[in-house]
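We have chain Z already, so just place chain W on it with the hints.
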Amino acid sequence: MTTPLPDAPAARLARPWGARLEPYALVLPAMAVLAFFFAGPAIYNVALAFQDLSLFDLGKEGRWVGFDNFAEVLSDPSTGQALYNTAVPLTAVTVVIRLVLGLLLALLLNATVFRRWRLGWLVRSLVLIPWVTPPVVAVAAWKWLLDARYGAVNQLLVGTGLIEQGIPFLAKTSTVWGAVETMLIWRELPFVVITFLAALQSIPSELREAARIDGANGWQIETRIVLPLLKPVIAVVTLLTTIWTFNNFVYVWLATRGGPGDYTQVLATQMYTTSFVDYRMGTGAAIGVVMSVIMFVFALVYFFVIFREKGEK
Amino acid sequence: MAMTAASPRRFLADLAVASFGIGILLILAFPFIWVVLISFRPDSEIFTRTFQLITSFTLENYFTLLDGSPFPTYLRNSLIVCTIATVLAVSISLITAYGFSRNRRFAGRQLLLILVIATQLFPFVILITPLYATFFALGLINNPISLVISYTAINLPFAIYMLLGYLDTIPRELDEAARIDGANTLQIIFRVILPVAWPGVVVVAVYAFVSAWDEFLFALTLMTSDANKTVPVGLAGFFGEYTTQWNLVMTASVISTLPTLVLFMLLQRKLVSDLAAGSIKQ
Numbered sequence: 001m002t003t004p005l006p007d008a009p010a011a012r013l014a015r016p017w018g019a020r021l022e023p024y025a026l027v028l029p030a031m032a033v034l035a036f037f038f039a040g041p042a043i044y045n046v047a048l049a050f051q052d053l054s055l056f057d058l059g060k061e062g063r064w065v066g067f068d069n070f071a072e073v074l075s076d077p078s079t080g081q082a083l084y085n086t087a088v089p090l091t092a093v094t095v096v097i098r099l100v101l102g103l104l105l106a107l108l109l110n111a112t113v114f115r116r117w118r119l120g121w122l123v124r125s126l127v128l129i130p131w132v133t134p135p136v137v138a139v140a141a142w143k144w145l146l147d148a149r150y151g152a153v154n155q156l157l158v159g160t161g162l163i164e165q166g167i168p169f170l171a172k173t174s175t176v177w178g179a180v181e182t183m184l185i186w187r188e189l190p191f192v193v194i195t196f197l198a199a200l201q202s203i204p205s206e207l208r209e210a211a212r213i214d215g216a217n218g219w220q221i222e223t224r225i226v227l228p229l230l231k232p233v234i235a236v237v238t239l240l241t242t243i244w245t246f247n248n249f250v251y252v253w254l255a256t257r258g259g260p261g262d263y264t265q266v267l268a269t270q271m272y273t274t275s276f277v278d279y280r281m282g283t284g285a286a287i288g289v290v291m292s293v294i295m296f297v298f299a300l301v302y303f304f305v306i307f308r309e310k311g312e313k
Numbered sequence: 001m002a003m004t005a006a007s008p009r010r011f012l013a014d015l016a017v018a019s020f021g022i023g024i025l026l027i028l029a030f031p032f033i034w035v036v037l038i039s040f041r042p043d044s045e046i047f048t049r050t051f052q053l054i055t056s057f058t059l060e061n062y063f064t065l066l067d068g069s070p071f072p073t074y075l076r077n078s079l080i081v082c083t084i085a086t087v088l089a090v091s092i093s094l095i096t097a098y099g100f101s102r103n104r105r106f107a108g109r110q111l112l113l114i115l116v117i118a119t120q121l122f123p124f125v126i127l128i129t130p131l132y133a134t135f136f137a138l139g140l141i142n143n144p145i146s147l148v149i150s151y152t153a154i155n156l157p158f159a160i161y162m163l164l165g166y167l168d169t170i171p172r173e174l175d176e177a178a179r180i181d182g183a184n185t186l187q188i189i190f191r192v193i194l195p196v197a198w199p200g201v202v203v204v205a206v207y208a209f210v211s212a213w214d215e216f217l218f219a220l221t222l223m224t225s226d227a228n229k230t231v232p233v234g235l236a237g238f239f240g241e242y243t244t245q246w247n248l249v250m251t252a253s254v255i256s257t258l259p260t261l262v263l264f265m266l267l268q269r270k271l272v273s274d275l276a277a278g279s280i281k282q
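Residue numbers (this note's numbering), protein chains in the order written: chain Z, 1 to 313; chain W, 1 to 282.
So these bits of chain Z aren't anywhere near chain W, every CB distance computed over 10 Å:
1) Arg63
2) Leu83
3) Tyr84
4) Pro168
5) Ser205
6) Ala211
7) Pro228
8) Val301
9) Val305
One-sided and incomplete, this derived list gives chain Z residues near chain W with beta-carbon spacing under 8 Å:
10) Pro23
11) Ala30
12) Leu58
13) Trp117
14) Leu119
15) Val123
16) Pro130
17) Ile194
18) Ala299
Label-pair distances were calculated between CB atoms; the ranges are:
19) Z:Leu74 x W:Thr55: 47 to 57 Å
20) W:Ile27 x Z:Leu21: 51 to 61 Å
21) W:Thr224 x Z:Arg118: 45 to 55 Å
22) Z:Thr175 x W:Ile27: 18 to 28 Å
23) W:Gly68 x Z:Gly80: 46 to 56 Å
24) W:Thr244 x Z:Ser54: 28 to 38 Å
25) Z:Gly80 x W:Leu194: 49 to 59 Å
26) W:Gly68 x Z:Arg118: 40 to 50 Å
Since the hints were made in silico from the structure, they are not lab data.
Note that CB positions come from ideal geometry on N, CA and C, so glycine has one too.
Pulled out of the complex, with its shape left as it was, chain Z reads as follows (with noise of 0.2 Å):
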């Protein structure tokens, strides 16, 4: 490299003052917005944790409680209860089901013959159904489908003979989790199949040809060849689902309200419910901050994980 670079230290120097603060005027408005949505408010919910006050006392200093609120939430068997049923049912469970359908799915998709044939749109405008609906609206649809009386699986369900009376899937507990979970795994799965497919897509087609001609088989090629190649998205992919899941409200919320009872209640409606049902700000605010320290240990841990893999190779 002998071609000087735009930015030595010579032409920099050289640069008038106005010159050298632009990037900061042109990134500043971005950066208050979001100090002001994100920055503020976690630094401001922080303080709230340690705080005594209720949703109607709002703009006024609460009572400041020390670990109070801490201590309230970590004995409370409900919050184990409602950490449990986030880190399993809701996460894990959903998380694992979207890797191995999207993958299978992705992998089938991903044949010459959608190719050949000129079925990309089709395949494309079919994946996205699901996603293109609102949360909300996925919640409506599968709880009409559900439903005990009118609703089409029970429907088809008791008219096949299987059983006898339709059963009210989001009101027991036998099977309220495995509804909730439905929901949420229908609607998310086109972006893993998406993601994935592409990620397949990149791969050159010459190393699958030169595997087939060293005789290995269809398995082996997508096991030992494939599988291995798409390690990092696979990783990117959980990390980001992982996150947005444990962090979600809508779906539990929307089907069960975190019932029957407290059985499906996670973190964020509890935290919600808290503080926005029960008026008790600090107690809610002390949820959202055991929360985020789960997830930042998660990220940290997952980011450790990965790059120490990265590191050996």
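This is chain W only, laid out in the frame that chain Z set:
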């Protein structure tokens, strides 16, 4: 490609794979297809005990919804709030992305970019209490301005990153030429860069609009009167726990989905490839 060149056996294998794939996708799409069918179904044929795919057809639900319910108000609110928020988010992020793209080494650049990404780690639900307090202090509770601010902010981080990716592919010579002609930086961004980056800007705008259109939590918390509700919250109010007119809920669902459906279908190829490119790059 001549299909006749392939052997019949190959053709049958292709047909099997294609119909299996499309079949699975149709099953996946079925819940929404069902919603559309129900929206055209008369009251009398909703509450039947047996499964019927095809029944009589009526537009009555659409008339009832658009003429005898508060749904048009929700639609108008959503359209106004989401459109303004989208224009704001795209303009602000275009200026910001230009700043990051054309200045590669100002102090703090890397840190700011990391902070922008870090906003995506936040549980949105923890922001809602402090933001409620802040908007309350500003007198903006039950005022659509607070939703416009929220949706602009929610969309900024990913819009900045996507636009940064597009702007990096636009040659700097364009800016230099315009600067020699006497244009200032804002003129360069909106008169020179914007027309060139237009396809990318449209994709970002569609994503921003759709994510605002779908948003539920902030709309639920910040808008307290029926007159200011947006589509998702209004629709959620339609399926209360006890009484429910499901054909009207399904009709409202179809109308709520139309804007996203149309936008995504029009731009499907580009939207999908750009989204995937973004995730792979990360």
